[in-house]
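Asker: One letter stands for each residue in the lines below.
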Amino acid sequence: MAKITFITNDGEKTTLEGTSGSVMSLAVENGISGIDGDCGGVCSCATCHVHVAEEDMERVGEASEIEAVMLELADDVTEFSRLSCQIEISEGIDGIVLTVAE
Amino acid sequence: MKKNLIEDPFEKEREEKGIGEMNDQNDQVTMVLRHRDVRKCAHNWKDYTSAAKPGRIVIPSEVNIRETRQIPFELDPPKHGQYRKVIEEWFRRPLKEDYQEKLKSQIELLLDEVIDLEQVELVHDFALKLQSRALTLLLNTPFEESETWISWGTHVFRSEGEALDGDKANILYDYIDKEIKRAELNPTDDLYSMLLASAVEGKKLTHEEIKGVLVLTFAGGRDTVINAVTNTIAYFAEHPESLTHIKEEPEIVGKAVEELLRYFSPLTQIGRVVKTDSHICEHAVKADTRIGLCWASANRDAQVFENPNEIDLTRKMNPHVAFGFGTHNCLGASHARQILRILVLAIASKVESIEVLDGEENIEELGVFRRKVGYHNLNVAFNKIENK
Ligand code: HEM
Ligand code: FES
Numbered sequence: 011m012a013k014i015t016f017i018t019n020d021g022e023k024t025t026l027e028g029t030s031g032s033v034m035s036l037a038v039e040n041g042i043s044g045i046d047g048d049c050g051g052v053c054s055c056a057t058c059h060v061h062v063a064e065e066d067m068e069r070v071g072e073a074s075e076i077e078a079v080m081l082e083l084a085d086d087v088t089e090f091s092r093l094s095c096q097i098e099i100s101e102g103i104d105g106i107v108l109t110v111a112e
Numbered sequence: 021m022k023k024n025l026i027e028d029p030f031e032k033e034r035e036e037k038g039i040g041e042m043n044d045q046n047d048q049v050t051m052v053l054r055h056r057d058v059r060k061c062a063h064n065w066k067d068y069t070s071a072a073k074p075g076r077i078v079i080p081s082e083v084n085i086r087e088t089r090q091i092p093f094e095l096d097p098p099k100h101g102q103y104r105k106v107i108e109e110w111f112r113r114p115l116k117e118d119y120q121e122k123l124k125s126q127i128e129l130l131l132d133e134v135i136d137l138e139q140v141e142l143v144h145d146f147a148l149k150l151q152s153r154a155l156t157l158l159l160n161t162p163f164e165e166s167e168t169w170i171s172w173g174t175h176v177f178r179s180e181g182e183a184l185d186g187d188k189a190n191i192l193y194d195y196i197d198k199e200i201k202r203a204e205l206n207p208t209d210d211l212y213s214m215l216l217a218s219a220v221e222g223k224k225l226t227h228e229e230i231k232g233v234l235v236l237t238f239a240g241g242r243d244t245v246i247n248a249v250t251n252t253i254a255y256f257a258e259h260p261e262s263l264t265h266i267k268e269e270p271e272i273v274g275k276a277v278e279e280l281l282r283y284f285s286p287l288t289q290i291g292r293v294v295k296t297d298s299h300i301c302e303h304a305v306k307a308d309t310r311i312g313l314c315w316a317s318a319n320r321d322a323q324v325f326e327n328p329n330e331i332d333l334t335r336k337m338n339p340h341v342a343f344g345f346g347t348h349n350c351l352g353a354s355h356a357r358q359i360l361r362i363l364v365l366a367i368a369s370k371v372e373s374i375e376v377l378d379g380e381e382n383i384e385e386l387g388v389f390r391r392k393v394g395y396h397n398l399n400v401a402f403n404k405i406e407n408k
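So the sequences go chain by chain: X and F. If you read the first sequence in the working numbering, its first letter stands for residue 11, the second for the next number, and so on. If you read the second sequence in the working numbering, its first letter stands for residue 21, the second for the next number, and so on.
Hints may contain errors.
Stated by the list, open to error - Pairs of lysine to aspartate or glutamate, EDC-like flavour, derived with a Cα cap of 20 Å: (1) F:K73 / F:E229; (2) F:K404 / F:E204; (3) F:K198 / F:E221; (4) F:K66 / X:E82; (5) F:K124 / X:D48; (6) F:K60 / X:E64; (7) F:K223 / F:D194; (8) F:K336 / X:D46; (9) F:K105 / F:E271; (10) F:K116 / X:D86; (11) F:K404 / F:E268; (12) F:K66 / X:D85; (13) F:K60 / X:E75; (14) F:K105 / X:E77; (15) F:K392 / F:D378; (16) F:K116 / X:D48; (17) F:K60 / X:D86; (18) F:K99 / X:E112; (19) F:K370 / F:D67; (20) F:K336 / X:D85; (21) F:K336 / X:E77; (22) X:K23 / X:E64; (23) F:K105 / X:D46; (24) F:K60 / X:E39; (25) F:K66 / X:D86; (26) X:K13 / X:E39; (27) F:K336 / X:D48; (28) F:K124 / F:D145; (29) F:K32 / F:E258; (30) F:K116 / F:E271; (31) F:K99 / F:D145.
Stated by the list, open to error - Here are some chain F residues pointing at chain X (derived, C-beta under 10 Å): (32) K66; (33) E278; (34) L287; (35) H340; (36) R357.
Honestly, the hints are just simulated from the structure, not real lab data. A quick note: this is a predicted structure, and the numbers were derived from the prediction, not measured. Idealized CB from N, CA, C, for every residue including glycine.
Work the whole structure out from these sequences, hints included.
Answerer: In structure tokens form, the structure reads like this:
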């Protein structure tokens, strides 16, 4: 079980609990605004782009090569960018804070 | 014979040079073939513009058959974004449950209509109908309108034998003019009425602009969806094991559809006009010539996709560009994805097997390249799952 906090563009904070699957799916199922997950999580649409809080970056880990290439040309990209469909929910990421990209 | 094989004609040029060349009505196109370059050029609207003469970024060029600028397709930022914003929410309606329910009953009904026939011609008697009926949901217009659109045949701009047909385009333009006037007198909750009530920078959209949005919606979503639907059924006909896979694990349908879209790439390429002399893969491209963003080639790039010429319905990482990339990425993607997901699930639940009888392939001629995009016609027979 992991608690994950999303901060949406309007500044609202929502904390959700999940046990498995991707962070994108959790967000879409719970209607987190700004995370659309159009491609269903195959790294093709970048509508699941989030910024990971700096202190959580190490636990979440780095983007794979294909994800990094995808992010390279995304809008609003920073060194803390990840595609949330590529972050698997596990105890290891309990408590992380993600800000939905613009 | 594997009839539904869609070969990749770009492999050699993509790997050796990164570009291909074609002459289209004496307006040269440098086709960009590698995944990385296609994405970079699509991102770089400052050097590669969409805001050219109307029709020019389409390949084959439509400059001789239309003057209406398609919106937001033939605009660059920042104007592009202002217009796109007006329609973006509207094009996300397919994500709503009630939209999907209606689409599902449309598709299941159509499948029931053809499933018992001895044979059915998929392009005209299935895909065109499916596409036209589904479009009534996207435009939020009465279902009966689809009868008119079906009567236009498979191509709005093209007709058999001729690549570009001005008369066909007139039918569409006249129809849209009439509908805009109708909505002006009697607004409903359809797309026309929404556009008539919309403004950009405080100015109401003009009829010409509204027409530009609608022409794009009709034209952009027609051949693409028809080819995707036809190819999908042909694929499952030849791969019964894949149909079994979907029956056993329907939850993979999302990934499966992305993979089919990658493999089919229903839209081969879209052009941009070069603003200043530049280079692509060390190859000089001159100002005022065109480049072609070749989505179909990018989607087979072995630098990005393992076994690019194989369909792997459970492919996990699939950064395909079938719906384009960046600024102009396809607004109809949610609608198209829902159509295909619902179709695949409906087939899995109702159909035992599909038999391809005969058909005629639709091959695009692009300079030295010949690419199959689908079929002109394809006769198949469905075998229904018998309820015991
Ligand atoms: C499988 C089906 C489809 C495919 C493969 C497809 C492909 C594409 C591609 C590659 C682009 C990018 C064009 C560019 O970069 O200049 C695009 C744009 C667009 N498509 Fe689609 N399309 C499909 C279905 C649809 C449908 C059903 C509609 C609407 C009814 C639609 C409406 C649009 C619009 C409005 C744009 C322009 C977006 C903009 O300029 O911001 N498409 N499509
Ligand atoms: S959901 Fe499409 S890239 Fe993550």
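Asker: Run every hint past the structure and note whether it holds.
Answerer: Going through the hints against the structure:
no.	hint	in the structure
1	F:K73 / F:E229	15 Å, holds
2	F:K404 / F:E204	46 Å, violated
3	F:K198 / F:E221	26 Å, violated
4	F:K66 / X:E82	18 Å, holds
5	F:K124 / X:D48	19 Å, holds
6	F:K60 / X:E64	28 Å, violated
7	F:K223 / F:D194	25 Å, violated
8	F:K336 / X:D46	18 Å, holds
9	F:K105 / F:E271	32 Å, violated
10	F:K116 / X:D86	27 Å, violated
11	F:K404 / F:E268	17 Å, holds
12	F:K66 / X:D85	16 Å, holds
13	F:K60 / X:E75	17 Å, holds
14	F:K105 / X:E77	27 Å, violated
15	F:K392 / F:D378	16 Å, holds
16	F:K116 / X:D48	13 Å, holds
17	F:K60 / X:D86	16 Å, holds
18	F:K99 / X:E112	19 Å, holds
19	F:K370 / F:D67	50 Å, violated
20	F:K336 / X:D85	23 Å, violated
21	F:K336 / X:E77	12 Å, holds
22	X:K23 / X:E64	17 Å, holds
23	F:K105 / X:D46	16 Å, holds
24	F:K60 / X:E39	32 Å, violated
25	F:K66 / X:D86	18 Å, holds
26	X:K13 / X:E39	15 Å, holds
27	F:K336 / X:D48	15 Å, holds
28	F:K124 / F:D145	18 Å, holds
29	F:K32 / F:E258	27 Å, violated
30	F:K116 / F:E271	19 Å, holds
31	F:K99 / F:D145	40 Å, violated
32	K66	14 Å, violated
33	E278	5 Å, holds
34	L287	15 Å, violated
35	H340	5 Å, holds
36	R357	7 Å, holds
Checked against the numbered hints given earlier, the structure breaks hints 2, 3, 6, 7, 9, 10, 14, 19, 20, 24, 29, 31, 32 and 34 and satisfies all the rest.
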